[in-house]
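There are 2 protein chains.
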Amino acid sequence: MKTAPLYGAVQDDLSRVEAVFDEIRAANLGALSQMLGMVLGGGKLMRPGLALLCGRFGTYDLDRLVSLAASVELLHTATLVHDDVIDRADTRRGRPTVNSAFENSTTVMLGDFLFAHAANRAVETGSLRVVELFSRTLMIMARGEIRQDLAAYDSRQTIRDYLARIGGKTASLFATACEGAGEISKQPEEQVSALREYGYNFGMAFQVVDDILDFTGDEEEMGKPVGSDLMQGTLTLPSFLLMERSPNGNPVEAYFKAPSPEKLQAAVKMVRESGAVEESSRMAKDFSARAIDALSALPDIADRETLAELARYILDRQS
Amino acid sequence: MKTAPLYGAVQDDLSRVEAVFDEIRAANLGALSQMLGMVLGGGKLMRPGLALLCGRFGTYDLDRLVSLAASVELLHTATLVHDDVIDRADTRRGRPTVNSAFENSTTVMLGDFLFAHAANRAVETGSLRVVELFSRTLMIMARGEIRQDLAAYDSRQTIRDYLARIGGKTASLFATACEGAGEISKQPEEQVSALREYGYNFGMAFQVVDDILDFTGDEEEMGKPVGSDLMQGTLTLPSFLLMERSPNGNPVEAYFKAPSPEKLQAAVKMVRESGAVEESSRMAKDFSARAIDALSALPDIADRETLAELARYILDRQS
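Here the protein sequences line up with chains Y and A, keeping their order. All residue numbers for the first sequence refer to my numbering, where the first residue is 24 and numbers rise by one. All residue numbers for the second sequence refer to my numbering, where the first residue is 24 and numbers rise by one.
Keeping only pairs whose Cα atoms sit at most 35 angstroms apart, straight-line, the calculated DSBU-like set for lysine-lysine is:
hint	chain 1	residue 1	chain 2	residue 2
1	A	Lys192	Y	Lys192
2	A	Lys280	A	Lys192
3	A	Lys209	Y	Lys209
To be clear about the criterion: a stretch of chain A counts as covered by chain Y if any three or more of its residues have a C-beta under 8 angstroms from a C-beta of chain Y, and this derived list gives those stretches:
hint	stretch
4	53-62
5	139-145
6	151-159
7	163-171
Just so you know, these hints were derived from the structure itself, not from any lab. It should be emphasised that the depicted structure is a prediction, and the values quoted were computed from it without experimental measurement. All C-beta atoms, glycine included, are put in the ideal place defined by N, C-alpha and C.
The whole structure should be built from the sequences, with the hints applied where relevant.
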């Protein structure tokens with residue numbers, strides 16, 4: 024866990040979320056237990072952290088808020104697990120693969136198991152509106168997943184397509200974590216909207232930074248090769264910005280037309296040197312600023328500053 | 024659709040369930056649309072049919088009952104789709120494979136998409152208790168799926184393990200279809216229990232017949248080879264009964280130890296000729312009788328006889 028100074032007043036509550044995960048990890052799943060241990064919890068717990076913090080602007084039953092926080096992380100983890108199959112499928116297109124540690128059957132079953140737990144925890148919030156929010160998010164994410172697959176190796180996409188895609192894939196779940204917490208803690212409607220707005224923009228900034236790090240990050244810290252998105256046929260913001268700058272031919276399009284390791288290297292290099300990374304960072308900063316702006320609708324308590332700090336923190340992360 | 028005379032008074036309501044599926048099928052999913060068209064609806068709609076019938080012992084809002092009926096079928100279809108990946112994984116064990124028409128990535132994404140729709144429809148029932156029932160069933164099914172995988176090619180299992188497994192994999196969802204309908208139609212607690220009891224035993228009978236047909240059915244009508252369960256390492260009731268009769272060696276265990284097409288044929292032949300099929304049929308009949316018994320707690324209206332007929336009908340089906 025690297026959450027130490029990040030989550031202010033809810034640092035201790037996070038251990039209750041971890042306890043939920045411990046319980047799930049204790050299930051006897053044979054060969055699946057190993058993978059479960061690897062994927063569940065132990066990370067930065069960004070989504071549960073936000074949920075717990077957002078609840079503090081109202082009054083809540085901690086058990087229910089913890090259920091929401093755990094549910095959101097479980098849903099996130101379930102989609103990560105299934106992505107393992109979906110991404111690996113790209114080997115069939117003759118490109119190198121990123122993840123290949125587990126059998127397809129393991130990943131499908133484990134993902135379904137985690138979806139089931141996510142649904143159970145959502146129900147435990149006792150709020151039909153939270154469950155509804157949750158199921159709507161599940162739909163948005165499933166559609167986003169399909170949209171990303173349909174768009175693979177398609178260089179006719181636009182930045183607008185990209186933003187819609189990461190909105191569905193990433194930001195929607197952050198928004199749900201925050202909005203759901205507002206709901207459970209019985210906050211006035213305008214605060215709930217502000218929390219949703221914060222979560223959504225936070226998620227957008229988070230994903231843009233992720234996509235930048237795919238070009239600029241350290242392979243070891245990231246645990247995946249530089250340029251892995253391109254390898255899987257996925258265009259992200261830095262690539263789009265490069266393509267905009269050189270509409271009459273660029274190494275990204277060249278790589279998509281006929282992939283090779285040399286062309287991949289050339290594309291990564293060009294993206295890094297073209298200023299596309301810097302412009303992407305500016306956009307991430309914009310989203311982060313919008314998230315912080317949304318906080319002005321909330322009471323001025325210490326947790327508000329913690330949320331603002333988090334929105335700044337994610338801009339500087341290196342992995 | 025082969026539902027014509029089966030569903031009595033709710034025959035027309037079923038078309039509303041089909042309309043829900045039409046709407047889902049209309050989504051633009053690119054390459055996934057073909058598979059979606061193949062898997063969703065168009066079958067006997069057993070689970071929605073039961074849900075609609077069970078609602079008639081109380082008073083209900085038809086929209087909500089249709090949402091439940093659609094939800095249950097969507098959940099069933101989602102698990103079918105994911106089974107496609109899970110079953111196919113068995114090729115890694117060097118055995119022949121049953122399903123291989125679609126890419127793993129397609130099946131994972133489509134299954135998740137269907138889970139999302141199932142969750143949405145469950146929420147549309149407006150009943151947190153139904154959603155809870157639904158999410159508990161999802162968990163039971165996910166565990167059942169994992170349990171089946173852990174037990175593959177393990178001949179130390181017992182009939183008891185088998186019954187627990189099909190209870191989780193099949194009967195629990197039938198039970199939820201019936202109990203959920205009782206819930207939505209505001210029936211007294213003892214009727215809701217009776218409906219659950221009916222659904223559970225109905226599902227057990229249904230699955231046992233399914234497992235018998237895997238040995239005795241017509242390959243063309245079934246759309247899969249005879250003995251496909253054994254091929255995937257799955258022991259079902261007829262095999263267990265044969266193994267009980269010949270504890271000191273039998274062709275099923277021999278096939279599991281060193282699979283070959285010849286040994287598979289020998290195992291299927293022995294199961295068919297040993298009386299294990301007849302005994303399995305008796306057990307299916309028992310479950311069906313228990314389902315019919317449970318109906319005595321319900322008002323004596325025509326729908327009760329329709330439910331009883333259905334419980335008899337499934338014993339005679341040929342595919």
